[in-house]
Structures are given as C-alpha cells and as structure tokens.
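Chemist: One letter stands for each residue in the lines below.
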Amino acid sequence: MAMYRSHVLICGGTGCVSNGATEVTEAMRKELARRDLTGEVLVVPTGCHGMCEMGPIMVVYPEGTFYSRVTAEDVPEIVEEHIYKGRPVERLMYSGGEEMPTVPHYKDIPFYGKQHRIALKNCGYINPDNIEEYISRGGYEALAKAITSMTPVQVIDELKASGLRGRGGGGFPTGLKWSFCAAAKGDKKYVICNADEGDPGAFMDRSILEGDPHAILEGMLLGAFAMGANEGYIYCRAEYPLAIQRLKTAIEQAENYGLLGENIMDTPFSFTVHVKEGAGAFVCGEETALMASIEGQRGMPRPRPPFPANSGLWGLPTNINNVETWANVAQIIAHGGEWYAAMGTEKSKGTKVFALTGKVKHTGLVEVPMGITLREIIFDIGGGILNDRKFKAVQIGGPSGGCLTEEHLDTPVSYETLTALGAIMGSGGLVVMDEDNCMVDVAKFFLEFTQKESCGKCSPCREGTKHMLLLLNKISEGNGTMEDLETLENLANMVQEMSLCGLGQTAPNPVLTTLRYFRDEYVAHIRDKKCPAGACTALLEYSILQDVCRKCGICARNCPVHCIPGDRTSGYVIETERCIRCGTCFEKCPFGAIEKK
Amino acid sequence: MSEITLVIDGVECRGEKGDTILEVARKNDIYIPTLCWMEGLTPIGSCRMCVVEVEKNPKLLTACTTPAVQDMRVSTKTEKLKKYRLQILELLFAGRNHFCMFCSQSGDCELQRLAIEHGMDNVRYPFLYESFHNDATDPHIQIDHNRCILCLRCIRVCAEKVGAHTLDLEQRGWGTNIVADLGKKLGESDTCITCGACAQVCPTGTITLRDFVYRGRRNDCDDIVESICPLCSLGCRIKAWVRTGSVVRVEGLSGTSADGGQLCQRGRWELPKSTERDRVTVPMIRTGSTFREASWDEALTLAASKMKGALESGKAAALLSELSTDEELTVMSSFFRDTLKMDKVDGYYGNMLRGFVDGFRPFADQGIRPFTAAHNIASSDAIVLLDANPQEEAPVAASYIRVSTILERAKLVNISTVKNPFEGITDVDIRTTEKEMEDLIRTLRQGVEGQDVPEKLKEAAELLKNAQKPVIVIGSSLASYPSIVTEAVNLAVASGAFFEDGLGVVPMLRASNSLGALNTVTGTKDWLTDSDLDFLYVLSTGMVDEDKRALEAMSRARFVVVHTPFMSHPLVNMADVLLPAPAWYERSGHYCTLEGERRRMNMIVPPKGNVKGLSVIMKDLAAKLGHELAQASAAPCENIYASTAEPVAARTVSMKEEG
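Sequence order for the protein chains is A and B.
Under my numbering, the residue at position 474 of the first sequence is numbered 474, and the numbers go up by one with no gaps.
Under my numbering, the residue at position 646 of the second sequence is numbered 646, and the numbers go up by one with no gaps.
Mimicking BS3-like on lysine-lysine, the simulated pairs with C-alpha atoms at most 27 angstroms apart in a straight line are:
id, chain 1, residue 1, chain 2, residue 2
1, B, 83, A, 474
2, A, 160, B, 59
3, B, 56, A, 160
4, B, 435, B, 419
5, A, 452, B, 59
Rather than coming from a laboratory, the hints here were simulated on the basis of the structure.
Whenever a hint applies, use it, and build me the whole structure from the sequences.
Modeler: Structure, rendered in structure tokens:
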C-alpha cells in the first residue's frame, strides 16, 4: 500500500450519506486533486461512526480530528486550513456545551468515552469496500487460526467460554446453539445470517453490514467450520441496498482472496455464501419465517420443535444468528473466550450495540459493555434529555420491548434484568421519552406496528392485536372505560402466552409494561378524559390564558374552523366544542398565551 | 417403534415415539379441542386451540405439533387454558361474519361446535363487521371469505394432497385472506381442478359446494355409509351422507390413507347427483316408439324367446359394463359363458383391456405382476407418462403425480403424441407420433441400459438411470398397440422400477372394475364392430356414457335388452326390452381396483322400484331357456394381483423375437 501523510475518513453510512456525505467525499477528492494532494492524502469512505445525528462525519488522521455536520462547502476550508496549514477548523468540531466548547479529538467526545467497541470495532475506521483494510486490522486472522490450528469442537468451546448470547433478541447462548447444529446428523448443513433488521429506529445491524461486512463473513466462516456447514445465506432486507451492495462486494473480494469458496486457505474446508433479499416483512426476522422466505415460500413462522438445528432450511440442519452475533465471533476466536467473558455481568457477557434515539441529546449507535446502567447510556453517552427536560421513560427492545421508568435507570443492563422488568434486550433499540410523551400513545404506536406486521397465521396475534389496538384507540380518544382496561390486560396476557412466534409473544410488551408502570396515565385518559402529556389529540383542550393574552387576534385569524370568536378590545375565547385540536393557535401565538392540556 | 408412556390429565397414556401429544391423547381417548389441525395434513399449530400445559415448561405448547416425550406430564383442561381458548373463540367470532343463523353450515360447523362446547354465551369484543368478499366466481365452489377463520386447511389439502396448490394467502395480519393462484378469484384460476377437497376440509361455512349447500349438512343426514366410487379404475374410498333417501354429500374416506381422502370432480358431484336422476323402475317392453310397463315374467319371457333363436344361429351377444361389481360379473360370466357357452361376450372396454393384457403377457408369464398400485406414484422419484392424461383417465392419479413432482421433487418425463397435460412441472417433454412411439421407448430403454441415445432422449435416460423408484404411466390409448405396452414395461424393468407389489407400471384403465372384468366378461376378440346380431343383451350402470361403437352395435342388433338403472339417453332408446337395475348406491359388492386391493362397495340406500338381483334374473332367464345356472369358471380377481416371482427378477423381453 502506498504511504499517505494523512487520511481523511468520511462516513459512508446511510445516515451520513442521506445528509450529503457523498457530496462531501466528492468535494474532498476534487479539492485534493486541485491542490495536487492526491498522492499525499487518502480519502477513505468508511462505515458508520454511530453519531448519526451529527453527520456527515469526517475524521482526519493522524491527528484524529473529529468534524461533524460537514458540508461540501466546508471542504475547501478544511483542506486549506487543516491539511495544508495544519490548523484544525474549530467551528466544525464537536461541541459539548459550555464545559467543552470544542472537542478536537474523537476519543475525547463523551459519546464515545464509555463505549467499548467490539462488534463495531472497524465501523468508521476502514473502507468497507476494501478487504485489505479489514485484513490490516487483524481481519481473517481468527479464521486462519481456527481452520489451521483448532478443531471445530475447540471453536465451539471457545464460544461457549465467551458466554456470547444471541444478539437478535432471544439471548440464547450462541456456543450451545452451535453445538446443537454441530451434533445434528447430516452431510449438508447451512449457516444463516439474519440481517432482516426491522425494528423501527434500529440500525445496528445495518451499520455493521455497511461498515464492516467482512466481520460478518468471517464470523459465518468460523461458524460453518465449527458446525460442518459449507453453505450460507445472508438474509438481508431489500430496504438496505447499501448493505447488500457492500456485502456483495465483500463476498466477491473474499472469493478472490481465496477466503470463500473451495479449499479455503488450502485446507479441506469449503464455504460459499449467498445474499438473499427479503421483501420487507418484519416477521421474516423470525428464524422459521426467514427460512421459509429463503425457500421461496410465504414468510410465516412455524412452531418449534423441530428446531432449525435439526430441521431448518430445506429440512436440513441449520444455524441462524443475527448480524451482531456473527460480528462478535471472529474477535472471540482471535482473543479467546475468556477475554470476551471478562466483560459484562455474570450471565450476560461482552458488549451490546444499542440504537439510541428519541428525546436524547446525542442519538446514534453505541456499543457498551453489558452491565452498564441505563442512566450511563442515556445521560453520560447520550448527553441527557433534549432541551434538559425531565426523563420519563425509555422503551427498550424495539416494538417488542417494554417501557422502563426513572426507577429502573440504575439497573445494570443484562438479558435477565430487562426480562424481569417486562422489557427485553431485543435487538437493542433504545427510545428515550420525556414528559411530552404519552405512554398510551407510545403503546399504541408500537402496537400499530406489530399489528400491521403480524403475518396472520395464528389467531391470538392476528385477532388479538387488532382488538388490543382498537381498545388503545378507544382509550386515547377518551371513550375508554375501566372495564376496557381489564379487557386490554386480559387480551395482552393471552396474546403473549398463546401466540405462535416471538412477534405475537412480545407484541403486548409495550402495552403490559406501560400498564404496569404508567397505569395512572391510562386511568387519566379514561376517568378524567385527559392526556397528562398532552399528546393524545382527541383529549386536548386548548384555552387562552387571559392574563398573558395581548388580544392581538393572531390565533383567531389563523384558526381554520373559526372557533375563536372575540375582538381586540374584549379579547378572545376558544370554543372547545367546535375546536378540532389542530394546534395552529398554539403554534402561532407569539406570547405563549395558549394553553393545552 | 418404541413405546412411550406419559401422563395426560392424570391418566397414564401410551403412545409411540414420534407421536405428538395430540396423537397420544387421541389414542387414549382424551379429548383436546382442535380447529386448524386435520388428520393427514401437516400440523401448523396456528389456531392455538390445542394448547396444553406441560410440567416444567413455562410455555404453553400446541398439542398438535409438540412431540410427546417419555414421562411428560400434560394438562389439557386447566382453568387458564379454558379461559384462553374461550378468548380465542370469541375473537374469531368477533372478527368476521360468524352469525350462525345466516350460514348454510350452521349445525355442521366446527367453530360453532367449539363455541358451544366452551360455553361461549357472549362475545366480549366488538364485532368488526369488516367486509371481505364472497367469491362466487366458480360455478361449483363458493368461497365466502367473511366466514373464514384462516385455519389454512384448504391451502394445505390443495397443496399436500391434490398437488394443485391453487389456494394460498394474500396480505398479512388481520387482512390475511385466501386467494387462488397469485391473487385471482377461484373461478379465474388456471390451476384449480375443481375437486372440492377444500370444501371437504373447511371447518366453517367458508368453502361450500353450491349444489349441496344446506341439504348437504352433515348433522341433518340420516346415515353415513362407507363405500367406494365406481367411476374410474382407482375406486377411491368414500363416505356417503344420506338424507331422505338421497346421497347429498360424498367425501374421501380418510386423510391418512394413500389417496389422502380426496376425490375428483366427477366423484364429488356425479355420485350425489346420480341419486336425483330419472330411473328405470319397472321392466318395460317397446311398443312402437314408446314403452309399456310389463311384469318381470313377461319381459324375461319375451327376451328369452328372442334369445333362443339367436343363440342357435350364433347371433346372440352380451355387452357388459366393467363398472359392475365382481359379484355381478361372476353371475354374468356364469350365465353367458359357462351356461350358454356364448362367445360373443365382452365389456365396453374389451379392446383396451385385451391390448394391455397382450402387452403385459411376457411379464405375467415370468410370474411377475406387471403393474403396481397407483398410489405408489406418490412415493416415486421419477415418473414417465406415455400418452397418458391421468386428469381425464383417473384424476386422483394426477394428484399423485403433482404431489410427487412438486412436493417430493420427483422428476417428470412426458412422452406423448398430444399436448403435455402437466405443462410447467415437467422436467423433460418429448413429442412423438404413434408410429415412432415404440422405437422411441425402446431407444430410451437402451439409453437407460447404457447405450448411446439421441440428444433429445439423453436427459430422460440419465434421469431414469439415477432414479430409485421410477413409475411408468401408460395412457389408455396406447392399449391399441400391445407392443408399445410391452416396450413400456421393458423400460420399467430396465430402469429398476421394482415395487413390493409388482413392476412400476400404472396402466390408465378406464372402468372401475377393469381388473375384475379380465377373468369374467372380457372376451378374446372384438366382435362388436362387425357382428350381425339378432339379440344383444346390454348391462349398463348408467354412470358413464356409452361410446359410439357400442351405440352403433345396439342400433344394428335386431333385438336389444337394456338392463340399466337410469333413464339415460340415447341408451334406453336402443332397447326393445328395458330392465331395471339397481343403481351404484343400491348395490354392494367388490371391485378389483388399480390401487392394488379389492375394495368393497356398500349399499347406501335400499333399491327403489321393482328391481331384482342380477342372480335372480339370470336364474329365471336360464330357466326360460331350459338351462340351470352353472358355476362361474373363474373368480374375478383370481390371478390379477398374483405374483410368483419377485419383481426384481423381471427380465426385459425382445419384441422382435416375440413377434
């Protein structure tokens, strides 16, 4: 490889690309060419840095200067000042508020401070389209180690020792799962990577696929070696075109390097892998539905047993793990199971990637050791609640997860603790909510999603979620009764226990946890016909605070249904019966004289 | 199979390893409610009615899919389970239109029965009144999606048993719906063969047969009789529902049998409809252009008088239906052959049967049964069709072919002079002429034996070479060329098509008791076309239309006695004397079926009118002719299924040496 005095890493993740990272990269290349610096400075499009909210992100090495929200117009200045004159551009640096107005270095940013990156190790550092960059960071060393000096049993033992558990949500010990498939009889076995990430707001798998596709391939290769499989599938949702493209490039490169195909590294071990695009059904993330989909059938789950380890794809022994799980494998083999097991809690080892979103200052992707508290994630890494409002709840585990409250903030995050509280680890979605979020509304939002994504096969999920949603709608519109609350709870329990697959079994979680921790809010909707958070439109009442009002009449002029009669001398009043609760008056009032409650 | 014991509801139950909890419970008379489950179909555990609690397992498990394990402790009737089941039933009722008073299946509905059983006296959830469409595009089958509970039985039976896979799902979640093909209405479907299997398995009033709706409700019926369908050589076993003397519904007997409890369109509709047809109820004698009623004695005396002269001049003949039972064929054979020593005796399909027999002879001579039970097609891994169109000739055999090729991934080779009846699922399709057929099959056989073959036969030869259990299906039209039949069997032998019961050959015999007719009524040569007849006795079952050749012979004959149950035209127009016969549903007896077994037909309703048993009639007629009815020389099924050598011992025969 040629030597460069400086590397400019520009994030090429979906978030930054949609914010204009491609244009920034182009501008940077052009600018460097214009100044004849092409031979000295290398522009590297990388995977996701995690701090998507601040994108497009650019990191300039060797200094490690972190620029955020870079636009194409900023590029000449960066080249002129930083690369030419060695004076980093302060105005583009990350700002951590008054305490630290500018943070020049990547590693000093609090967002990254408490993170511990294993699955995301290479994301943001390497060019995912270049296998050599992956290899230069130790890539494929684990594979070489395993297939030349380890037995399949040793690989599985190493994984068992690591304590790695399924990162797709189930949390089943990966080593144990592998040993089932390894023990299954059959000449032909499959390994599958589940990249059908469908939780709203979750993008950890996408970032790994886009930022470090070779880590997944290496993980699958190791799994295939350990379990005696020689064919694999990566089932990736079609909504991730960039991920699919990068995977295909990675597969092609690995094949060219003899890391995929026949007799890998001149050993008897052979492995081929295919990318299969999913057509956008959430339920296809369920392993049996996913396999049905690969087989070309309608993606619907089937009851287990038989488990995929014995009868999976086309009835043959199959092992399915999700992207993040696979991404951890190579490093566990490279560094040993004990290294990995040193992190985390007693039963939940290693790290977990979370997609931190909602009312938090720094949204993005974070990888943290198990056992970290929610408070550390939300307040230390996430920087606290947006606009310094009060924390209300955090929805953890996506649409199948549950809402936890203030009192749970100091609970160490692990599979067991979350399940005990009624939430799940899930794939790692973290949605932070403040006082403006109505919990009935939140439950409704997630249930709307799962209800729409129910495959329709089993009756509890198909019919039950429909009626649960109807009840939630009824309550949020102020038409609920206390009896409805009981019906809702009964239904939720039934759907949870009776549904065929994980989708139905976890769909009631948001409802059940909000009922458990925020029952008062439900009661307020029913008994007082009020939404305490002011989010349920049907229950809002707008009124004019007469002592604040300056009688300017702006509200009356803008009201689309003309329900604010009055004049500039006697003042204005909102006629509640006619009000359609559109909120226009609230927005337009220059004096904050409109109150909604 | 090792036995296991487990405890269900406190009762020690025995089952076999591999049984599901439900299977063990059923074997031990423990009731577990089910809705989507159906015997013979792949269990999918979707309705969740059969959930049970298993000790030490925190999850509720579906009994229909969970394997029973030694020492398992299962509870099927806890309060929690009852509560949840009731909730599911209520949800199903609230979802679509399940207002029983408007439903044709009320009283004959599994959903309704479960609701009653679970004491569902109200529905706690709002009725959604969502309107799904009522698919009335098919003239025979109606699908009212408003009554569907998505048990998916119809989809499964259509895919797993019929092999048509016409039905599947569209949309998802609450909007999930059954569709035909890729989103068509049933009437527009290209793949539906209108067999009605979907209606047979539907637990509610969603899929109904328009002809039998309301009157075909099972709970309103007076009787259920097991019998067989006499319409083709497979002799599918049926259950017939009787209501006020009419058959109002027929169903395949068992989902676990080889045929999967299916019927074809003809069986499903023609059998019940036949009970409404016009009948010949009394003996009648022609007077000019009409008939007059007569007594049995008068009619038989007239027949005997005409027959006597004809017998003397050798111009008497008998044309007998191969749709008759073994017992009827025996009587016929003893009367015409052994008592009267007539040589002009034959069945309607005489030529076809003689063709097959001639073609099979070299192998029968080796002591090997040259054909196998039709259902073995379903377990075959390569199927060769030789001018066969099973959908016409024996429709359920077409289901075997589809299931085998689509689900079991068997290879399908079609060699035909006409259009391929299985377009789309055929691996190799070869078009030829009748003239070239024999050479082509021989060349293909030589290819299987390892010789070089022309390009167009290479793939087929390779495929047969690799097959473990191939089956050759010979179309009935090829029976005109016995040498082709022999070559076809040669191909089976060369390909190693050896089944336990015989060689892997399935001849598409048309009539239901063709095999039984071989020893009894089938003649040695064809006389029908060119005979100058003074007397012709015709025995018809009225279930299959007479062909042109038979009708022409009747119109040439100077005196015709037609013995038939139905006033079917033009048959009865040919009669000088018309004798009433019992219809298929009024008879009992046996059939030698192509499914490899002798099956029993049972009387479903007692005979109507002034009918007499065939043996009584023949005895009378013999007496009037001055004879006593002799013993039949051969039993119908004798030697038909016999095999003295193992099929693997079969040798191919050279057609050139054999002449």
